[in-house]
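Chemist: Sequence:
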Amino acid sequence: MGSPKFYVASPLGDRTAGPEALTQLVDAIRRRGIEAYLIPMVNFRGRRNDPEYDIYDFEVAEEIVDPENSHFVLSEVSPIESYRELKKIPRERTWMGWFSVNNSPDPRARYFRPSENCCSTFPPGFIPEVPAVPADFHLDSGINSGVLQTIREAKKRVGGANLGKAKAVATEAVSIAYAQRVVNSDINFFAQSFYGQGFVRQILGKDAPIITDPIRIVEVPNVQRARNVVLYNKVKSWSLIPDVMKLMPNVEFRAIEGMSYQQVVEALSTATVYLELGHLPGRDRMPREAAHFGTPVVCLARGAGYCWQDVPLPVNYRIGYREGWADQTAIALQRVLDDPSQAAIDQIDYRQWVAGERDRYETAIDQWLELALVR
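Residue numbers are given in the working numbering: position 41 of the sequence shown equals residue 1194, and the series is strictly consecutive.
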């Protein structure tokens, strides 16, 4: 029997957290002396990684050449892009990583919302004055996955069903049905977040070890921190940020938008506070990056932000997404703006948790490979 090889499907060319996490995975496997390659997802435009990821050790393979000794890893976002590899590798040597749960074509994942059945929103031993409530809304886990549901979902995803979009709807319906078939098969799972692990356990009835993605550390200029500046991610927070801004007219809100990674971390390192309002489909990097640079974080408890184990901030910096959330968010932000030094002290444990992610990642990779290589 030949030596094991790992092939990791990736949307090459995209510059987002997902492709970087997949590249980190290949790098981690190769550092252990095992062959590992990125393999392009079929319909994505890129054939090579974004140059920012050249800091990692990886190679790109166009196809799996030794299926009898190979393991295949794909993410949840579009299994149909990996149909060639899924045909070659048996299910027991196939792993799906849940990096961004709600970006899956499977409606069970797209509409999943966390509750205490998924993960705890409070730290151990904390007794809340107000009981936890599901973040956003929580749909029944028994979402219909029949043909009509699939067509309805396809229409939503392509933005309608007029004659000009008929082909797109049909293509999307096939993609959804294929994703459900793969998810329902006997493949293995791992999760980037406790939110993702909660989804796999609660909805799919399977287990998923945690393999998160440590943040990339870069040097930034040592410049004076801005005062009275709230930084936010426009992509994730755009729909809710106006509700907070109108309550704080004397505060400067700056959006992270269209920046290189270096520009993002420089902005995070100089803001007074980082605000996260998005429905996080996985353990987001920006709150962790802000914490690394000593910038206090205020987070709305949505998606992975609902799970204390994914965003272990003190409870008065994690705001429940219920009636009055905007007022509570403004109060939390003002607390930081009035006394940033105290907020930094309050969040020491969170910063230390972020600092420990690299070691936890290496341990998780070792444990996962021990599990994978016996299959």
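Because the hints were derived from the structure by calculation, they are not lab data. Treat each hint with caution, since some may be false.
Calculated cross-link-like contacts (lysine-lysine; reagent style DSSO-like; alpha-carbon spacing at most 27 Å) [what the hints assert, rightly or not]:
(1) LYS1320 <-> LYS1309
(2) LYS1318 <-> LYS1308
(3) LYS1387 <-> LYS1399
(4) LYS1158 <-> LYS1241
(5) LYS1308 <-> LYS1320
(6) LYS1359 <-> LYS1241
(7) LYS1240 <-> LYS1320
(8) LYS1308 <-> LYS1241
(9) LYS1359 <-> LYS1158
(10) LYS1309 <-> LYS1387
(11) LYS1240 <-> LYS1359
Chemist: Hints the structure violates: just list their numbers, smallest first.
Modeler: Number 8 only.
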